[in-house]
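Listed in order, the protein sequences are those of chains A and B. Residue numbers for the first sequence follow the numbering used here, beginning at 1 and rising by one. Residue numbers for the second sequence follow the numbering used here, beginning at 1 and rising by one.
Honestly, the hints are just simulated from the structure, not real lab data. Don't take each hint at face value.
Here are the in silico distance ranges between beta carbons for each label pair [stated by the list, open to error]:
1) B:Lys176 / A:Glu97: 22 to 32 Å
2) B:Glu181 / A:Ala8: 19 to 29 Å
3) B:Ser52 / A:Glu12: 47 to 57 Å
4) B:Gly81 / A:Ile113: 43 to 53 Å
5) A:Asp60 / B:Thr87: 36 to 46 Å
6) B:Phe94 / A:Glu104: 47 to 57 Å
7) B:Glu37 / A:Thr95: 29 to 39 Å
8) A:Gln15 / B:Glu177: 23 to 33 Å
Just a sample of chain B residues kept apart from chain A, beta carbon distances all over 12 Å, derived [stated by the list, open to error]:
9) Ser97
10) Glu101
11) Ser105
12) Thr141
For each residue, glycine too, the CB sits at the ideal point set by N, CA and C.
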Amino acid sequence: MKSLAELAAIKEKMQNKVVLREGSSDVRVVVGMATCGIAAGARPVLNAFVEAVNGLELNDKVTVTQTGCIGICQYEPVVEIFEAGKEKVTYVKMTPEKAKEVAEKHLKGGNIIAEYTISNV
Amino acid sequence: MKELSLNILDIAQNSVKAGADTVKIILNETAEILTIEIRDNGCGMKPDFLKSVSDPFTTTRTTRKVGLGIPLFKLASQQTGGDLKITSRHKDEFPDSHGTEVIASFYKNHLDFTPLGDIVSTVTVLIQGQPGIRWIFEHKTQKGSVKLDTDELKAVLGDVPLDTFEVIVWIGEYLKEQYLEAGQN
Numbered sequence: 001m002k003s004l005a006e007l008a009a010i011k012e013k014m015q016n017k018v019v020l021r022e023g024s025s026d027v028r029v030v031v032g033m034a035t036c037g038i039a040a041g042a043r044p045v046l047n048a049f050v051e052a053v054n055g056l057e058l059n060d061k062v063t064v065t066q067t068g069c070i071g072i073c074q075y076e077p078v079v080e081i082f083e084a085g086k087e088k089v090t091y092v093k094m095t096p097e098k099a100k101e102v103a104e105k106h107l108k109g110g111n112i113i114a115e116y117t118i119s120n121v
Numbered sequence: 001m002k003e004l005s006l007n008i009l010d011i012a013q014n015s016v017k018a019g020a021d022t023v024k025i026i027l028n029e030t031a032e033i034l035t036i037e038i039r040d041n042g043c044g045m046k047p048d049f050l051k052s053v054s055d056p057f058t059t060t061r062t063t064r065k066v067g068l069g070i071p072l073f074k075l076a077s078q079q080t081g082g083d084l085k086i087t088s089r090h091k092d093e094f095p096d097s098h099g100t101e102v103i104a105s106f107y108k109n110h111l112d113f114t115p116l117g118d119i120v121s122t123v124t125v126l127i128q129g130q131p132g133i134r135w136i137f138e139h140k141t142q143k144g145s146v147k148l149d150t151d152e153l154k155a156v157l158g159d160v161p162l163d164t165f166e167v168i169v170w171i172g173e174y175l176k177e178q179y180l181e182a183g184q185n
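Chain B extracted, bound-state conformation (with noise of 0.2 Å):
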């Protein structure tokens, strides 16, 4: 992957097919250290599954039997110094708390940190994508910080859905500013 919001927007689908009405995305930027965390309210995972999933030959795909999204994310951590943690309470066991949190941590200054990258973009894309979905995205770095939650959009948009073109183009540009104000991207 050449950006890591290429990686936020393959490992947030998990959250998607776990089930979850709610993901959050969450970005915490200081002068050294990016820490990108992926938390949703779906199925969870049993603990011997959660324990393979950094493994490439786990996967919930059906095509094939090798799933490289989390390898990959917790690659793009470890080459940095960081690591990639991940949680997650199943639904069997916990069914008023189920769910999952993915936490990578990214030293910025060393040679292999990639990029965040077009981090709107996935925002966007993940909104047009699943709509029916509370997407939470707040991106705080030391300057000020960068917020969106679906459910504010869709206390204003009414019966308008959130997928409706002009309402993509509106949230792409609405985030933008945001960065524009908090002084980066």
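Only chain A is shown next, with the shape it has when bound in the complex (with noise of 0.2 Å):
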């Protein structure tokens, strides 16, 4: 049974990494989370990119966050990719495959899949 001791030794082992990690994200993903983009599949691709991200060793640079109605429901789930100095890049009808594949060329490669942004649809 998991307990709180648990938690405790997590905690030892993150704490010299936390330090390191504030501020310095330069890459977002904010995946769209309101009635639509739940609907339509938005927590599994979520928990795809938190997954694949932890995977890919992409922690201190990429952080994971949730938004409300981001007002093209027709093609949620939504996820929309900023980073600095970079033109937003918006990903539409997304599943946790894709999810894991943006992670991969976008997030980590740095090649962005265009055929699964919008302006392709």
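Two chains, two frames, a set of hints: combine them into the complex.
In structure tokens form, the structure reads like this:
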């Protein structure tokens, strides 16, 4: 059974990393989580991003956050990627599989997957 | 919505928008009835707005004039023979006790009962999205109960944020184990 002692161990392990991480994220992944997004499947998409960002060890560079309705409900789940000094990229009709791919190719590799973006629908 | 847990995720966002610092999600289950309560200490709603929140043409969103969160949740309950009730106290009138309660009941054996689905995922996503809020989750059944209070976790974590990946994963597993112990999900 999981115990709070185990959580204390995580704390010990994380404490050093946290100091490094503060303010250092320069890429933001924003998932639309209003009624429209949630109904269209935003929850597993968000989870896929959180897992992939951690799996690819991008935690120091990328933060995954949630927002309300972006205003293009017919294209939900919608994910926006903000990067300092670059134009916003809007991915539409996302799935957990696409999220994983975006994390690998775009967040890690730096290459936008044009066919999943809004300019391609 | 394919799962009631998605409705819960959606409705809880209203508590976040209302500026709540504590949100309680309480599920109570008997053999026949599931009751879902979402209680917050946010700014509350004035009586006129409260009267209209089940109307799809009432919304707090600014991108369009339609809001389906409450109407969808209400429909999900009423289609099983249950109902949804909202009480609210606006901060202007109740400076010390403002907040909102959404309480929905569901007849589980009804053909049109929507399954609860992945409630653990809803709880972890809420915490990940709003780590500054105190989230209290409790799911009571006849067999036992599953509980989580982020204040208890924060007391252990100190300055390590709740939305740290390892912590979110731990919370998910912690809840899943409690469900196993309680003999369900």
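Verification of the supplied hints:
1. B:Lys176 / A:Glu97: 22 to 32 Å: 23 Å, holds
2. B:Glu181 / A:Ala8: 19 to 29 Å: 21 Å, holds
3. B:Ser52 / A:Glu12: 47 to 57 Å: This hint holds: roughly 51 Å between Cβ atoms.
4. B:Gly81 / A:Ile113: 43 to 53 Å: 46 Å, holds
5. A:Asp60 / B:Thr87: 36 to 46 Å: 45 Å, holds
6. B:Phe94 / A:Glu104: 47 to 57 Å: At roughly 50 Å between Cβ atoms, A:Glu104 and B:Phe94 fall inside 47 to 57 Å, so the hint holds.
7. B:Glu37 / A:Thr95: 29 to 39 Å: 32 Å, holds
8. A:Gln15 / B:Glu177: 23 to 33 Å: Given a distance of about 25 Å, which is inside 23 to 33 Å, the answer is holds.
9. Ser97: Holds: least Cβ distance 27 Å, greater than 12 Å.
10. Glu101: At roughly 20 Å from the nearest Cβ of chain A, B:Glu101 sits farther out than 12 Å, so the non-interface label holds.
11. Ser105: Consistent with the label, B:Ser105 stays out of reach of chain A, its closest Cβ about 21 Å off (over 12 Å).
12. Thr141: 18 Å, holds
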